[in-house]
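Visitor: Sequence:
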Amino acid sequence: LNPVAALLIESGQINTESKSGKLSSKEKLVRIRQLWKQARHVMDNLTDNQPTWKDKEDRRLCYETIDNAFGRGVWWRDSPENFGFWLDLCEQMSSRGDVSHEITWRIKKQIDLSQQEYPRLITIVDNFLNLLDLPNCRVINGSKNVIRTSLSEAKETISKAKPSLVKHKAETPWDKIRVLIDLDKHEGLIWVYLPVLHDRFVYAAGLRRTDKGFFLEVLRVSLDLAQVETVNKASFDPTGRWDYPNNVLSDLKFYNRCVYVATKNQGIYVFPDDSSPVQQINQASGLLSNSVSAIAC
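For what it's worth, the numbering used here labels the leading residue of the sequence shown as 1, then goes sequentially.
Simulated from the structure, these hints should not be mistaken for laboratory data.
Keep in mind that this is a model prediction, so the values were computed, not measured.
DSS-like, lysine-lysine: derived pairs with alpha carbons at most 30 Å apart:
hint, residue 1, residue 2
1, K108, K19
2, K22, K37
3, K144, K160
4, K37, K54
5, K37, K56
6, K185, K264
7, K144, K56
Derived CB-CB ranges, DEER-like:
hint, residue 1, residue 2, range
8, N2, N256, 49 to 57 Å
9, H186, Q115, 35 to 43 Å
10, Q13, I295, 38 to 46 Å
Using N, Cα and C, we set each Cβ at its ideal position, and we do this for glycine too.
Using the sequences plus the hints, can you model the full thing?
Guide: Given below as structure tokens:
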């Protein structure tokens with residue numbers, strides 16, 4: 001049996017058994033989590049380099065199985081656990097370089113029902129908006145413009161309710177486009193990600209590869225002088241597809257003269273802005289998980 005077809009059959013069974021009362025809400029969510037794990041395994045075996053039409057369609061169907069299993073568009077209202085699963089789905093989707101109108105429009109539709117999740121939601125929205133500008137972005141369905149509009153409207157709603165959560169643009173002393181960080185002119189610098197504005201500076205995380213290994217760095221750009229400097233750095237061992245920043249990092253915040261960088265599997269790195277030693281917070285030091293989706297400061 002085609003693995004994608006098997007996923008669709010299982011999602012239909014979950015939905016049917018749930019409607020008939022054979023599955024409790026908790027049992028249903030357990031089954032759907034198992035289904036999502038199987039769907040991720042199927043997607044891992046799809047072609048990323050010059051994918052065929054079938055590869056693209058199979059990827060779309062893998063995401064659609066989750067929607068089918070929950071019951072088309074009403075499932076997230078059932079419980080906080082269901083909504084939490086949907087947030088997990090969004091985070092894992094963006095980390096794979098995928099974005100879908102069917103998934104992202106729910107952020108806008110359900111924004112008023114999830115105020116306690118605003119810190120996590122704004123990070124998800126920003127990750128999807130950043131992803132739309134990356135060359136590795138895969139649009140599963142819908143168009144980039146429609147998805148961008150929906151996400152921007154959701155961000156505006158959060159901004160009005162919780163202004164402190166939203167990163168605002170700053171005025172600059174120049175009126176034309178300027179290149180602030182040219183990767184080709186910074187030896188070993190692979191990417192720069194998660195820019196955050198603080199006072200008249202923009203802080204961002206960068207990954208650099210040298211003959212001594214990889215380093216996670218915090219870069220600082222002056223909006224007045226357009227100068228770039230490395231604030232601090234730490235030895236770093238990236239795993240998986242580290243050439244895509246959204247597979248490695250999830251959030252960045254400036255707080256109390258430190259830059260906090262959340263990673264997908266190595267906890268949180270704390271970079272003081274005065275070149276003091278960098279601190280890593282992970283499970284060994286008491287963090288519940290090394291996979292961190294957002295930071296609230």
